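Can you make the complete structure from the sequences, with help from the hints?
Protein sequence lines, in the order shown, are assigned to chains A and B. For the first sequence, the residue numbers in the working numbering are -13 to 487. For the second sequence, the residue numbers in the working numbering are -13 to 487.
Each hint should be verified, as a subset may be incorrect.
Which copy is meant is left open, because identical chains are indistinguishable; a pair holds if it fits in one copy or across any two.
Listed below are the simulated EDC-like cross-link pairs for lysine to aspartate or glutamate, each with C-alpha atoms no more than 20 Å apart in a straight line [unchecked claim]:
id	residue 1	residue 2
1	Lys3	Glu29
2	Lys118	Glu352
3	Lys480	Glu308
4	Lys265	Glu29
5	Lys3	Glu90
6	Lys25	Asp212
7	Lys(-3)	Asp56
8	Lys89	Glu(-4)
9	Lys100	Asp212
Since the hints were made in silico from the structure, they are not lab data. Note that the coordinates shown come from a computational prediction; the quantities given were computed from them, not determined experimentally.
Number of protein chains: 2
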Amino acid sequence: MCRDINATKEKFYEYIKQLQGLDYTSNIVFWDASTGAPKSGVEARSNAIGVISGFYHHIMTDPDFNACIDSLAVTPDECDDLTNALIRHYQRERNRVAKIPAKEYEAFQAHITKSAAAWEDAKEACAYDQFKPYLEKSVEMMRQFAEYRGYSGHPYNLLIDDYEPGMTVEQLDVFFETVKARLVPLLKKIIDLPKPRTDFIAAAYPIEQQLHLSESLLDLIGFKRDHGLFKESVHPFTMGVDIEDVRLTTHFYENDLLSAMLSTVHEGGHGIYEQNVGKQLRGTPIATGASNAFHESQSRIYENNFFRHKAFISFLYPKLKETFKEQFKTVAEIDLYRAVNIVEPSLIRTEADELTYSLHILLRYELELALISGTLSVADLPKAWYDKMEQYLGVVPSNDGEGVLQDVHWSEALFGYFPTYALGSAYAAQLYHYMSKDLAVEPLLAEGNFEPITKWLNEKVHQYGALYDPTVLIEKITGEPLNADYYCDYLEMKYTALYQL
Amino acid sequence: MCRDINATKEKFYEYIKQLQGLDYTSNIVFWDASTGAPKSGVEARSNAIGVISGFYHHIMTDPDFNACIDSLAVTPDECDDLTNALIRHYQRERNRVAKIPAKEYEAFQAHITKSAAAWEDAKEACAYDQFKPYLEKSVEMMRQFAEYRGYSGHPYNLLIDDYEPGMTVEQLDVFFETVKARLVPLLKKIIDLPKPRTDFIAAAYPIEQQLHLSESLLDLIGFKRDHGLFKESVHPFTMGVDIEDVRLTTHFYENDLLSAMLSTVHEGGHGIYEQNVGKQLRGTPIATGASNAFHESQSRIYENNFFRHKAFISFLYPKLKETFKEQFKTVAEIDLYRAVNIVEPSLIRTEADELTYSLHILLRYELELALISGTLSVADLPKAWYDKMEQYLGVVPSNDGEGVLQDVHWSEALFGYFPTYALGSAYAAQLYHYMSKDLAVEPLLAEGNFEPITKWLNEKVHQYGALYDPTVLIEKITGEPLNADYYCDYLEMKYTALYQL
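So, in structure tokens, the structure goes:
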């Protein structure tokens, strides 16, 4: 009996090796496409992605592979944690893919490659019409796929579950209602107060110096640059190719001191998570974050809870003043702190302040829920976007490039992904709260000493990779389930002090 | 009957799409590895390459695919030229791969990935011992594979045939004997003459200016940079990912004006070939050069016959003088021409002059032939290298980094590849001879007007891709088979004039 299990396990891991090899090549092709590949090569790339997906699908639907999963699934006590996590992973994955006819799944992958290229052009030209047919097809395909896969309650439950296992529309509705109930009043209190100065943020900051600064920040927070890559792309992202090959991008703007720094630290947080997963999980799909929201909690905690902290700004300020003498001539430390934490409803999610950020997510959540529900058409999407922007944030984009076309997600049919950004901030606040019981976080930030901080996260969060579901992991670490109050408390305290409300 | 053939063709092309998709991903992973991927990711990369090769092998040995090939092969008259070329291609490919047991073929691919990484480290450390076990394994595997595949005469015939269909050890022996008989005496005449000045070549040339210069040269000769990429790597190479995604690399040295320029124009010649293959061949393995030597003829014709030509130097000289005022203060046009065409036995093949180049190839041909024959051991290779360098070129490397470790080829088990470099120069000379009947090449070079020149090559050579075997193509273009005398005549005339022999 025991020998049988070992033989099955061995076969199971052999299949995983193949799936990981295919994943590796998809990742590298995507990295290549995002960091310089000529647009004229899109047809060949699209074919290759389709072919690789076809092989992936072929293994996922292989009766022998599925027999391995099913046979190991009945004896969880005789399997180690990793094997059990892998079984859960592939059971979910199987449900995500296997019920979709192979040809349609391949066509979908090929479609996404073209859609992403069309989105890039459409965004540049601020021409939603160029992208509309691709988005229509994506929505149609996602709805069709939900039918193939089956779902309980709302088809969107299926989509959010792909990124945040166990999450539902019902829970999300409650989450966003809570956030809206506490943060909108807070925003209202601040919105009419005098704005801090931000003129110096938009001075000229040479790209080369910004690059150097971003690299130093990555080194400071503990991202191992020699075990990865750091490049520029249109939309910043992180890719864990392997625990010793983790790739980040940022985007530099000459007239914005903060954009690249913030996105670098944000992606750096993702990257640190990927680099510090336990070595025994290497070469498996468990060598990544526990969920999308958990991943986002790590980028957010570095970007918001650490980088934007008064104590860290006191560390950063003299360094910036030294590097950018001219631009910082009349800038005091408090000016930098206020500018980094300015509250100002804006058009672009990735450059939104910490307080309004979740309202950007709320808007996207409601819109994609309506698209998937069929209560909103793709043709009406830009109008709906304008309306909700006005309603929640009081600002309206002047074109679709800074509106509905701003994010890459929908071009890749990543519906259900956006909510995890808001959940991530909530996890981050809860983790910061508990970290503060073990470490004197403020003095460490004031010294720019991230070693104990990153080590705490390595031990409490990173090492486990995706061994446990997010609901299990947050309780394991903090002794309680996700609690949105830590997030709202944190923001209320921070902005009350900052604006002397 | 006709309908049957069409159904078979359709299935055949469906398999080709899959093979091309796999090829695409291998190419991109190789490109990524050569242009920046962290070394720490080598294990994951090696696994992925092994997996992709496994799928490739799986299709190549698929009975259904092989039935398509066999069934179409019996009715060449009912198939178009492209289909017939594809059948020939896969029959050869099948012979190259299918007789090797799948596990061994996969292990070989994984070995090559590790071997290439080990070679890079060994080269940097000038430590042959670090690389030796990998090379031993490569030689052993290649000899074993030759047994699996079967061969007539010499096992090396099989290897050279992979790169230059139809070529044999017997023919190569004759070729190199001819070259040796005519070029060694020529070299002897020149070797003791006073050397031209080259001091200015080794002045400081800022990398950024060199990069700009290389880009201008690519534009000038007609490489479409927007349908490709141009980057830096340790060893310059060209990769045709797609006819609209052709990638080149070069390597810049601050204290060498010529190295990057020459390798850029060389790779540019390869790249122009890949970009101008007929569109109807796109997405098939026929959308490439007719053979390795034919490919090399295009890089060599741009590098040697065009770039090093007296007429082109008269065009280039004022531009360099303008860009590098300081470095060119005392440099006359004739100094540049002489320096570009200096004959000086040297250690590094890729930086060898046009005359001694083929002797570097002769040395490699003899050594790899001996390795494959089993008359030379991998352990004795460095010593044999030293001996032959002294014998043919009169110079001896001071370490293995500038000796046996200098080229990437053996690290990837590309035995049989080197001879194609010398054959390429011979094709180039023959093509130049016939081009001169149609075009006034010299005045065009003097104007830096490559348009008619590149167009002639597009029409005569490039458009056909690999539709025809090299022996057929050279006759189609020039009306006669490969004739080494054009090559020897060309070099004799050039150097006789230059050195006033």
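Taking the hints in turn, this is what the structure says about them:
For a Cα distance limit of 20 Å, the shortest separation of Lys3 from Glu29 across copies, 12 Å, qualifies, whereas the shortest one inside one copy, 28 Å, does not. In this homomeric assembly, Lys118 and Glu352 come within 20 Å of each other (Cα to Cα) only inside a single copy, at 19 Å, whereas the closest approach across copies is 62 Å. Taking identical chains as interchangeable, the C-alpha atoms of Lys480 and Glu308 are never at most 20 Å apart, the minima being 28 Å within one chain and 60 Å between chains. For the homomeric pair Lys265 and Glu29, the shortest alpha-carbon distance between copies (13 Å) is at most 20 Å, but the shortest distance inside one copy (37 Å) is not.
Only between protomers do Lys3 and Glu90 lie at most 20 Å apart by alpha-carbon distance; the minimum there is 17 Å, versus 25 Å within a single protomer. Taking the shortest alpha-carbon separations for Lys25 and Asp212, only the inter-copy value of 8 Å comes in at or below 20 Å, while the best intra-copy value is 29 Å. In this assembly of identical chains, the alpha carbons of Lys(-3) and Asp56 lie at most 20 Å apart only when taken from the same copy (13 Å versus 34 Å across copies). For the homomeric pair Lys89 and Glu(-4), the shortest alpha-carbon distance between copies (16 Å) is at most 20 Å, but the shortest distance inside one copy (30 Å) is not.
Taking the shortest Cα distances, Lys100 and Asp212 sit within 20 Å of each other only across copies (19 Å), while inside one copy they are farther apart (33 Å).
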